[in-house]
Amino acid sequence: MRAAKPIAGARRRGWLRHAVLIGLAILLALTLAPFLVVALNAVKTPSDYAEHGPIALPRALDLASIVEFWHRVDFTRKLLNSFVVSAAVAVLGVALSAMNAYALGIGKLRGRSWFLLFFLAANLIPQEALVYPLYYLSKLVHLYDSLTVLIIVFTVIQGAFGTYLLSSVYDHFPRELIDAAEVDGAGRWRILLRIVVPLSWQTLSVLFAFFFIWTWNEFFLPLVFLISNDHQTVSVALGVLQGQRFMDATTTSASALIGILPAILFFLLFQRTLIRGVTAGALK
Amino acid sequence: MARPRQHRSGYFIFLIPGLILSTAVVVVPLAMTVATSFTRWQGVGAPTWIGVDNYVQLARDPSFWASFLHIVLLIVAMAIIPTLIGLVLATVLVEYVATAFGTRTASVFRAGFYLPQVLPVAIAGIVWSWILHPGYGALNSLLHAMGLSSLTRNWLGDPHDALYSVMAVMVWVQIGYPVVVFMAGLQRIDPELYEAAGLDGATWRQRFSHITVHLLRPDIYVVLVTTTIAALKVFGQIFVLTRGGPGNATLVPSYFAYKNFFEKANVGYGSAISTVLTAIILGLTVVFLRLQYGGERARTG
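Line order of the protein sequences matches chains A and B. Numbering-wise (my numbering), the first sequence opens with residue 1 and increments by one. Numbering-wise (my numbering), the second sequence opens with residue 285 and increments by one.
Just so you know, not all the hints are guaranteed correct.
Among the chain B residues that face chain A by a calculated CB cut under 10 Å, a handful are [as the list claims (entries may be wrong)]:
| no. | residue |
| --- | --- |
| 1 | VAL356 |
| 2 | GLN521 |
| 3 | SER538 |
Simulated from the structure, these hints should not be mistaken for lab results. Quick reminder that beta carbons are idealized off the backbone N, C-alpha and C, glycines included.
Make a model of the complete structure from these sequences and hints.
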């Protein structure tokens, strides 16, 4: 009798194991279903869509909607604009974060907790509280409708977050390495570039990945600042086209698909870094 | 503090670019917005000083109150529901799937749940406005095909359903973030704790509430804080999904401010909305930081 109990328990667990796995798989399928249904419909002909609706499999692989939409919005250009802004912000934002955090975390400046609070607030202030003056000022200095203004603004806002995070990492930076370099006569810049940056490369690469993706995903400020077609980013171009007359069902799903693909590409490229980042500092 | 003074010299120069840039991009514009909130201004010409009139008008404006009520519901959808579901999913993945099927399987699930998080907000909006389209959308077609035609709705176009549809989309967007954070947090927990609890006859539910939730408290706190602030700032999904409509059914403060700035040229009024939102976010941050600092002191002291 005593022996029978664990066996029955194990069998029940074996059954439960798979029930749990199936339940999770269903949830995962529901999470991923929107991606799938978009992809399926982006490769349909409009008549196939009209006849069989959105949940039928495509009768044939037809890339015409995607190609036509791509040319209509000059998507190559939009990708390039998004890439330029995101890459510039990622590089400059990491550089700015490293410099600020070097002064605050390693330099331990007087009043550092106030500076940290300042940078945290600078990151948290909602963009709508900055947008109108930035719009007004950028017109004054002739930077309105340029990628430059976005690069500057996002470098500052994201750099503020990076400063906050990186300062707490640099707080625990091995002091003896800095002291040893000072004894060897290395200046502050040399220590930053030769010792601090290489040794914190992992954290910096996490920041780089996040800054890049955050900037790529930004919508509000690009919507306000980029009014001419040639300067729009992917999100703005696709976002403002919704509801236009030529956006029929297959064109809409084609536009969604070409908006999704770069995001999935970055996800695959940065996946480990992203998960490590969310894990390490609960980055968001 | 015992360190000699000269060790700290020469660092301030590294902070100067950051301070100058933050002043130009954040401090000055914020001060201008606050100042403008006490004026009537069309965006051209000289602003007219009207004192607190904008704020008085805001307090009487039903749209303003509606936008904050909607934010409360979006906090439920973006912070509270994802945290609860995320806790369950993360626990099941770490304690069950990882041990029964291997950590690789658990990582695949984690990556899948996280995927909506990397999607640009505007693109997520496009995907869902297409799926939820009353005429050609996939959801209504699916319901028809399943013989559930009575459940079909004009998901985003009906004032009674629009906000709930937006909330459902936000849950989908947010769910991956708590899953990833909590899975990482759970890996800190010593498995022996569970074994001991199991030997003591604790049920799954007891272990969940007494060990998992208790030990994940710092992570839950971080997730709730960051997602609540994100909910207060939400703009892109609303812009693409509903533009705050139908009527004011899905209006949120950021979109309400945007409309006043760029559609109605009521810059003073828009500035007042933004100032209130900023005050709320900074006020919440102070409260959160105090709680966190107090909690840390209690733990270490």
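Violated hints - listed by number, lowest first: 1
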